[in-house]
Structures are given as structure tokens and as C-alpha cells.
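Engineer: Single-letter residue listing:
Protein chains: 2
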Amino acid sequence: MKKYNFYAGPAILSETVIRKASEAALEYEGTGLSLLEISHRSKELVAMMEETESLVKELLGLDDDWAVLFLTGGASSQFFESAQNLLNEGEFANYVDTGTWSTKAIKEAKRFGEINVIASSKDQNYSYIPKGYDNPQGARYLHITSNNTIFGTQFHSFPDSDSPIVCDMSSDIFCRPIDPGKFGMIYAGAQKNLGPAGVTLVLIRKSFLGDKRSDMPTITNYHTHIEKSSAFNTPPVFQIYVCLESLKWLKSMGGVEGMQKHNEAKAKILYDEIDRNSLFEGTAAKEDRSLMNVTFVSKDESHQTEFLAACEAAGCVGLKGHRSVGGFRASIYNAMPKEGIEVLVQIMKEFENKKG
Amino acid sequence: MKKYNFYAGPAILSETVIRKASEAALEYEGTGLSLLEISHRSKELVAMMEETESLVKELLGLDDDWAVLFLTGGASSQFFESAQNLLNEGEFANYVDTGTWSTKAIKEAKRFGEINVIASSKDQNYSYIPKGYDNPQGARYLHITSNNTIFGTQFHSFPDSDSPIVCDMSSDIFCRPIDPGKFGMIYAGAQKNLGPAGVTLVLIRKSFLGDKRSDMPTITNYHTHIEKSSAFNTPPVFQIYVCLESLKWLKSMGGVEGMQKHNEAKAKILYDEIDRNSLFEGTAAKEDRSLMNVTFVSKDESHQTEFLAACEAAGCVGLKGHRSVGGFRASIYNAMPKEGIEVLVQIMKEFENKKG
Numbered sequence: 000m001k002k003y004n005f006y007a008g009p010a011i012l013s014e015t016v017i018r019k020a021s022e023a024a025l026e027y028e029g030t031g032l033s034l035l036e037i038s039h040r041s042k043e044l045v046a047m048m049e050e051t052e053s054l055v056k057e058l059l060g061l062d063d064d065w066a067v068l069f070l071t072g073g074a075s076s077q078f079f080e081s082a083q084n085l086l087n088e089g090e091f092a093n094y095v096d097t098g099t100w101s102t103k104a105i106k107e108a109k110r111f112g113e114i115n116v117i118a119s120s121k122d123q124n125y126s127y128i129p130k131g132y133d134n135p136q137g138a139r140y141l142h143i144t145s146n147n148t149i150f151g152t153q154f155h156s157f158p159d160s161d162s163p164i165v166c167d168m169s170s171d172i173f174c175r176p177i178d179p180g181k182f183g184m185i186y187a188g189a190q191k192n193l194g195p196a197g198v199t200l201v202l203i204r205k206s207f208l209g210d211k212r213s214d215m216p217t218i219t220n221y222h223t224h225i226e227k228s229s230a231f232n233t234p235p236v237f238q239i240y241v242c243l244e245s246l247k248w249l250k251s252m253g254g255v256e257g258m259q260k261h262n263e264a265k266a267k268i269l270y271d272e273i274d275r276n277s278l279f280e281g282t283a284a285k286e287d288r289s290l291m292n293v294t295f296v297s298k299d300e301s302h303q304t305e306f307l308a309a310c311e312a313a314g315c316v317g318l319k320g321h322r323s324v325g326g327f328r329a330s331i332y333n334a335m336p337k338e339g340i341e342v343l344v345q346i347m348k349e350f351e352n353k354k355g
Numbered sequence: 000m001k002k003y004n005f006y007a008g009p010a011i012l013s014e015t016v017i018r019k020a021s022e023a024a025l026e027y028e029g030t031g032l033s034l035l036e037i038s039h040r041s042k043e044l045v046a047m048m049e050e051t052e053s054l055v056k057e058l059l060g061l062d063d064d065w066a067v068l069f070l071t072g073g074a075s076s077q078f079f080e081s082a083q084n085l086l087n088e089g090e091f092a093n094y095v096d097t098g099t100w101s102t103k104a105i106k107e108a109k110r111f112g113e114i115n116v117i118a119s120s121k122d123q124n125y126s127y128i129p130k131g132y133d134n135p136q137g138a139r140y141l142h143i144t145s146n147n148t149i150f151g152t153q154f155h156s157f158p159d160s161d162s163p164i165v166c167d168m169s170s171d172i173f174c175r176p177i178d179p180g181k182f183g184m185i186y187a188g189a190q191k192n193l194g195p196a197g198v199t200l201v202l203i204r205k206s207f208l209g210d211k212r213s214d215m216p217t218i219t220n221y222h223t224h225i226e227k228s229s230a231f232n233t234p235p236v237f238q239i240y241v242c243l244e245s246l247k248w249l250k251s252m253g254g255v256e257g258m259q260k261h262n263e264a265k266a267k268i269l270y271d272e273i274d275r276n277s278l279f280e281g282t283a284a285k286e287d288r289s290l291m292n293v294t295f296v297s298k299d300e301s302h303q304t305e306f307l308a309a310c311e312a313a314g315c316v317g318l319k320g321h322r323s324v325g326g327f328r329a330s331i332y333n334a335m336p337k338e339g340i341e342v343l344v345q346i347m348k349e350f351e352n353k354k355g
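Chains as they are written, first to last, in numbering that gives the first Met the number 0: chain P, 0 to 355; chain U, 0 to 355.
Treat the hints as calculated values from the structure; they're not laboratory data.
Careful, some of the hints might be misleading.
Heads up, the list lumps identical chains together, so a pair's fine if it works in one copy or across two of them.
To be verified - Calculated lysine-lysine pairs in the DSS-like style (CA-CA distance at most 30 Å, straight line): (1) 109 - 205; (2) 250 - 348; (3) 121 - 267; (4) 42 - 348; (5) 211 - 109; (6) 1 - 267; (7) 42 - 2; (8) 298 - 56; (9) 353 - 106; (10) 250 - 103; (11) 103 - 42; (12) 211 - 121; (13) 1 - 106; (14) 103 - 205; (15) 2 - 109; (16) 42 - 298; (17) 285 - 247; (18) 103 - 353; (19) 109 - 42.
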């Protein structure tokens, strides 16, 4: 039976990417070797990494002031490394708290400098994106989480800020075009909207990063990875290759502009059904609803197990909501085809008919 | 043409492991999904990680005081994290410097406490393992690098020490049985003797680690990963699966005892030829020669390019020596079959005939 993958992460990859990954694991591009056993110093893999870097820049419109790094440790490592690298003596940073991951970013950053939490939507279980708050001038950076996987909210425009934005885009990078000029740094664990688990994309404007410091471990210093093109130590080459194939697929779909249209169309179908269907309701403020993670609950809590079973029976997996919100979460990242949404909507309609 | 993979890392994997990896990338065990897109919280992957942990313990003979962690960041991250986690106020650690990686471990550890370098083989370009040095009592731990990938040396017995050994086993873990009682912690990047790049195995005795501290980033705190069974954040699930398949293969080959015999037999064939062949000589002290990385040079430097070309022509890749030693390096990890060694030896013999 065909499966529709609604997992929040690791998450759906397009079928062409999966086929390429499987082939490369068996034999990489005529080398006679599996991609899993080829040296990162080989000419083939150096070229592969350069191609990936170049495609990231092309798709996001990044100029040569931007460094593209393939690191490990997930966004969770960037929570501390960003503050450790960026905050110099006497500097402060502003943070907007929009959910679990923002809260963790704040906690880890506080170890390395003065952190102002300038806005939070904790008062309503992070069901909205704060607006109209004061963003004190003179900060080293403003940190935001562009999409909140758990709570199903997303920044649909980025805040005005005199300081560059440092953004955790783990769950919505490449879902739409961005204006790079607003950002100083962007980071994303790959395993939601980009590739498999095990690689973290870190984009950093070199002029924003500034001069090299020596007061931190070599491996957590961004300059180390910039100087060595992400090969200071062995990078996760297979993961990077899967990201490359994923980006090639994305380019073939019209790049981030094409992807935005695709994502908006998909999300509209699902949100429209949630709003129409008498059994369900969305949990996020309508104006802040995520294009990536659609959170909703059944009005009658006793329906929950049965609805999830109906989804499973139709081949839709990964729809159980996070415990912080309950109910259901449909993660409909870039690689989710419209067909997957239509199958889910059909289950919702049938469930309403059955219960009505 | 069949290729023989002598890369130092990422390095050879057995053919059965490569096939399983390729299949799992296409579809994981009847789930209808690629292993690259399945949630680490799914019952299938939680079970897979538990099986891997259990097999690591079984193969190395570790009791329940040992935590088995699957982290990222490579051994390079453990260089600082080990000292950060282990060294408390007023404590010191002893380090033996046997090459590039030891030197890096020492540099990073010094950021977190008092480090005594008690022995070094730097005086002879790290071509031997120091012996007969003083190991001051009362240290928190003694740090060694069990196998030196670049210089082709290996500890064939572990030092006597009143303090537990913390060991970087990146390039020889699972190559032979060990006595766990001598160790407090063992760490290894997977990409040499265990699996693909992108996962780091960290084994730590919980009673040696001691109580939880709060003075470090959450993600670099070993307690975080012990409490969350390596799933505090998204682990590199595909990499862990490839390690699992690699360990299953190892078990089928007689476990670490069987592997030791296999490795000793393979290494003997190659070292015997190096010693016999008039054109080549080994670079490491004979009594410290590595079972994993066989370093040698041509006596006539002008032969180098031609010999490498002869190797390439016969399907042997990755034999160029590291720039710190020059010449050639045959990395003959667990997964290298005896046949690969025999092909290389045959090339060496033919080269001698041609030049003689």
C-alpha cells in the first residue's frame, strides 16, 4: 500500500531523491564504491560538496559574503554555538519566544551573553506569532524561529529590525523565497524540509560574523568550518548528497518561488477542510498558520484514536499531534505531493459522514 | 572493475552492509517508507536504536554501568566534550601524544582543565608508541589514541594506570577484544572501522562520569544524552542503522575475537611483503605497527607516482599516504577482505619485478 508520510521529522523526501540515495548507497556515480565508503577528500566528493554549496546559494539568492556550512549536531547545537560565536563582551541579543525550540535557543544562548526576550506567545500556548512588540536597538542580532513545528505557527513576514536576524529555519527553509539582506545567519537541521537527519545547514554572512576569536573549542568556532569548507573533520557526506539531490529536485519544481506556490496551494486545501469540517478545528491563529505543520484537534476528544486509526488504515502515517498541543499534526513539507493532502482531506470527510 | 577500497576514512564497508543500506534507503523493513524519512520517535526506529546499543554492549562485553551513545560531531567534538564533562575544579588529566589526533585532543582539553602531556613520540614523527614513561597518580583520567591513522601505529597493550583510560578508538574500535575494566570512556567516529561518516559512538561508564553538572551547554552534556537514550534531538538514524548492520556482520564473522584473528592475518601478509620487497619500507616501529593503517614508502621517491598509478589500474583506491608521512597508506579495516591485501601484494611484487 502506498504510504503518505506526515512525520514532523525526519520527514518526507521526494521519490526521485529516495531512488538516487538508494543508488548512491550501492554505488556512487560509476566509482565502483558505495557513497558510504568514499573519502571526503576524494575529488568526487569535494566536487559534490562544492556543487551543493553552490546550489544552496543559487536557490536562496546568497552572494559571496555568505558562507554555506554543512555541520552536524542539529539546530540544538546552533542554539549555543550561535551565541558563543556572535556575542562579544558587552553585547546583547534580542530573542522572540514562539515555542519549544525558541525557548531552548534562549536557554542555551544565556550561557554566553545578555539575552533579552522581547516577545513571547507562551501566554496562549504558543498558538500565535507575537506582533507589535518593542525591539530594542543596538542588539548584536535578533533571533527568531521562523516556523514552529510543534505549534503550527510561522512568521509570514520577518520582523523589522536594525540588527540582522539570526533565524532557526529548521522546519521551513526552502519553503519560499527570502530576502537575505535581513539576515545575518540562518541555520536548519536538514531532516524536515531539506534532507535526512544528520546534517545541519548553517548559512552565515562573513561580514556579520566578524573576526576570528580563539576563546572557544576549535570545532564550535564557525571560522574553523569556513576556512576548511566544512571539511575540518569528516563531514556527513551521504547526508549532504541527499540534500543535493533534494535541492536539484526543488530546482526542477521551480525553485523556492515554485515551492511557495505549491506549498500555499497544498496548505489551503487542508486548512479549508479543517475550517469546513464540523468535527475538527485548527489550533493556531489563522493569520499565523504554518505552511509546513498543520495542527488541529477533534472537537470531540473521544474521536481521536479512531481518526488516527482511519488515517493509518488509508496509509497516512505520522499524524499524531505533539503532546504539547494534542490532536493531530499534518507535516506537509516541500516534498509532500498535493495527492497526499487530498487523501487526508478525503479521510476527514469520510470521518465526518460516519460520525454525523 | 572490482574496486579495493583502501581509503583511511570514510572507509570500506562489507558488501552485505552496503546492500542492506541501499535497500533501507529505498524502503525500510516493509514500512513503505525510506529509512531516510522515518521519525526517530517511531516504534521501528526506537527498536532499531535499542538493538544497536545492545549489540555494541554484547560485542565489547560492556555491563550495565556503561552508557552507549550515538552522537554527532566526530571525535573532534569529543576532544573538548570529554574534558568539559569529566574535569571538575582542581582535577587534572594525563595525556599521551601519539600523533595529529592526540595533539588536537590535548589542545582542546586544555580549555577545560589542567592537562599533563606525560609522553610523546613527536621527536620521531610519531613513528612509535611511547613506553616506560611516568604516569602521575591521582589523575581524573589518562587519555590515549589507541590507533594513529596517519602514522600507522597502534597500542598493542593498554597502559597500566591508576586512573581510568579515556580512549579515542576512532580507527580501531571493534578490531579486537578489549578489557572494559581499564576504561572510563571510549569514543570513535564511525567512519573508519564501524560505519559511515556522520555518527560518533561514545561509550561511558556512568559511575566514572559522576553526577550531572549544569555549567555547560545542554547538548554537550553527556547526561543529556544518557537520560534521553541519544534522542534528546534527532539522531542520525540512517548512520546508526548502517552501524547496526556492520555490527551484525562483525558478529557473523566471530565477533571481536574472530575479527582480531582476521586482522592479524591480513596485516601479516602486507607487512611481510613490505619487509621482503626491496623497493619499499615501513615507516612505523615494527613492534607498534597498526593492524588497521599500514604506512610505507618507496625507497626511491621517484617511484611513487608510478606505483600509485599501478594500484589505481588494478582497482586499488585510496593508497596515497597522508602528507605528514608521505608514501603510501593501506587502510585495511575490519571490512577489508584478505583478497584485497593479496591484490595489493601482487601489485607490489610485479612492481619490484618491473623495476628490478
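Engineer: All hints are to be evaluated individually against the structure, with a verdict given for each.
Structural biologist: Going through the hints against the structure:
no. : hint      : result
1   : 109 - 205 : both (23 Å within a copy, 28 Å between copies)
2   : 250 - 348 : neither (34 Å within a copy, 51 Å between copies)
3   : 121 - 267 : within (26 Å within a copy, 65 Å between copies)
4   : 42 - 348  : between (54 Å within a copy, 29 Å between copies)
5   : 211 - 109 : both (21 Å within a copy, 19 Å between copies)
6   : 1 - 267   : within (23 Å within a copy, 52 Å between copies)
7   : 42 - 2    : between (38 Å within a copy, 16 Å between copies)
8   : 298 - 56  : neither (44 Å within a copy, 47 Å between copies)
9   : 353 - 106 : neither (47 Å within a copy, 67 Å between copies)
10  : 250 - 103 : neither (33 Å within a copy, 40 Å between copies)
11  : 103 - 42  : between (39 Å within a copy, 26 Å between copies)
12  : 211 - 121 : between (37 Å within a copy, 29 Å between copies)
13  : 1 - 106   : neither (42 Å within a copy, 53 Å between copies)
14  : 103 - 205 : both (25 Å within a copy, 26 Å between copies)
15  : 2 - 109   : neither (43 Å within a copy, 51 Å between copies)
16  : 42 - 298  : between (57 Å within a copy, 28 Å between copies)
17  : 285 - 247 : neither (33 Å within a copy, 50 Å between copies)
18  : 103 - 353 : neither (42 Å within a copy, 65 Å between copies)
19  : 109 - 42  : neither (42 Å within a copy, 35 Å between copies)
Hint compliance for this structure: hints 2, 8, 9, 10, 13, 15, 17, 18 and 19 are broken, all remaining hints hold.
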